[in-house]
Amino acid sequence: MKVQKFSPSDAEFSRSPGQTGDIYVGNLVDERHGGPITIGYGRYAANQKLTETMAVDDVMIVLEGRVAVSTTAGTHIAGPGDIVYMPKGETVTIVTEGEGALTAYVTYPHWSEVHEA
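Under the numbering used here, the first residue of the sequence shown is numbered 4, with each subsequent residue one higher.
To be clear, the hints were calculated from the coordinates, so they are not data collected in a lab.
Treat the hints loosely; a few may be bogus.
[What the hints assert, rightly or not] Keeping only pairs whose Cα atoms sit at most 30 angstroms apart, straight-line, the calculated DSS-like set for lysine-lysine is:
no. : residue 1 : residue 2
1   : LYS91     : LYS5
2   : LYS52     : LYS91
3   : LYS8      : LYS91
[Unchecked claim] Just the calculated beta-carbon pair ranges, DEER-fashion:
no. : residue 1 : residue 2 : range
4   : ARG35     : ILE80     : 33 to 41 angstroms
5   : PRO90     : PRO20     : 26 to 34 angstroms
6   : SER12     : GLY92     : 29 to 37 angstroms
7   : ASP85     : ALA49     : 17 to 25 angstroms
8   : MET4      : TYR88     : 19 to 27 angstroms
9   : VAL6      : SER73     : 17 to 25 angstroms
Yeah, the Cβ is synthetic: ideal placement off N, Cα and C, and Gly gets one too.
Work out the full structure: start from the sequences and follow the hints.
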């Protein structure tokens, strides 16, 4: 694998696996590319709610909009430039309000391998 640069326009967004809301992901680097991590973008429409127990370690970088990420320990509000770490095994609820959000993510290991297993 070589050094690469990505922007949201490079992503092909599809509905997040197992979700019915207006939440879309676009992997740009994953197991098909030979690296150990998955990198991509997430697009959340306004007023979406996603609750999931993390199957992988996930780092979310908020690029546009705002998200609230809640666990049993409390809620973190994240806006542009903020980073949220969601460790494997943690149950999180991600909520968008207003205009929705655009995020970038990095997971370890590849989340698609976990969802397909």
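Against which earlier hints does the structure fall short, listed by number upward?
Violated: hints 5 and 9.
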